[in-house]
Amino acid sequence: MDFIGALSPVNIQFLLQGFLITIEVALISIALSFVISILVGTARYAKVPVLGKLCAFLVETIRNLPLLLIIFFTYFALPQLGIKLDKFTAAVIALVIFESAMISEIVRGGLNSVEKGLIEAGRSSGLTQVQTLRHIVLPIALRRMVPPMVSQFISLLKDTSLAVVIALPELMNHVNIINGQNVNYVIPMFLFAALLYFVVNYVLSIASRKLESKHS
Numbered sequence: 327m328d329f330i331g332a333l334s335p336v337n338i339q340f341l342l343q344g345f346l347i348t349i350e351v352a353l354i355s356i357a358l359s360f361v362i363s364i365l366v367g368t369a370r371y372a373k374v375p376v377l378g379k380l381c382a383f384l385v386e387t388i389r390n391l392p393l394l395l396i397i398f399f400t401y402f403a404l405p406q407l408g409i410k411l412d413k414f415t416a417a418v419i420a421l422v423i424f425e426s427a428m429i430s431e432i433v434r435g436g437l438n439s440v441e442k443g444l445i446e447a448g449r450s451s452g453l454t455q456v457q458t459l460r461h462i463v464l465p466i467a468l469r470r471m472v473p474p475m476v477s478q479f480i481s482l483l484k485d486t487s488l489a490v491v492i493a494l495p496e497l498m499n500h501v502n503i504i505n506g507q508n509v510n511y512v513i514p515m516f517l518f519a520a521l522l523y524f525v526v527n528y529v530l531s532i533a534s535r536k537l538e539s540k541h542s
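Under my numbering, the first residue of the sequence shown is numbered 327, with each subsequent residue one higher.
The hints are simulated quantities; they were obtained by calculation from the structure and are not laboratory data. Just to be clear, a hint being listed does not mean it is correct.
[Said to hold, decoys possible] Pair ranges (Cβ atoms, derived):
(1) LEU353 - GLY443: 36 to 44 Å
(2) GLU446 - PHE398: 43 to 51 Å
(3) LEU353 - ARG469: 34 to 42 Å
(4) LEU391 - PHE524: 23 to 31 Å
(5) LYS373 - LEU517: 28 to 36 Å
(6) GLN339 - SER451: 53 to 61 Å
Cβ atoms here follow ideal geometry from the backbone N, Cα and C, with glycine treated the same way.
Using the sequences provided together with the hints, build the complete structure.
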């Protein structure tokens, strides 16, 4: 093991450049999947005709597919259909598709957890079904969704490493490039990468606990 050579300023800068791509992919994927999952989860909860069943079919199908397969499909298969994507976009789309399906189940579960009495109280006060959903059900459900959603976002951040299979220049791709220079760099590189993932995920976990205690 050569920690001094592996963790040289040049190598650390190279790794941080890759980690920046990792964070960018994760943040964009989180934002898009959150919006889509809210819409999908709400459509299933409200049992919207046709749309609700279609969403259920898509969610159950995607949840039973490996993320790696979806990444391969977006980058290698879509060009066969005339849709050519760069590595960054392909990785984001694959993650959004997969995570939207996973998070939509959290959304649906959160909506279903809201007590029927609160819903009936809202309806009896003159609110429509949509108004009840918007002003009563969603606000309560969103607070309850925070812990499982943060856990899923942590998983998403770690899942970005799978984009190494399409040579996206993210953290693990840069780790592999440096490892190729010297076999003695392997352990230091993996330890440094693990540290970066741990720091970000630990911060997310702390934020989740604070939000949970604030709303409890």
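request  = Go through the numbered hints given earlier and state which of them the structure violates, listing their numbers in rising order.
outcome  = 3 and 5
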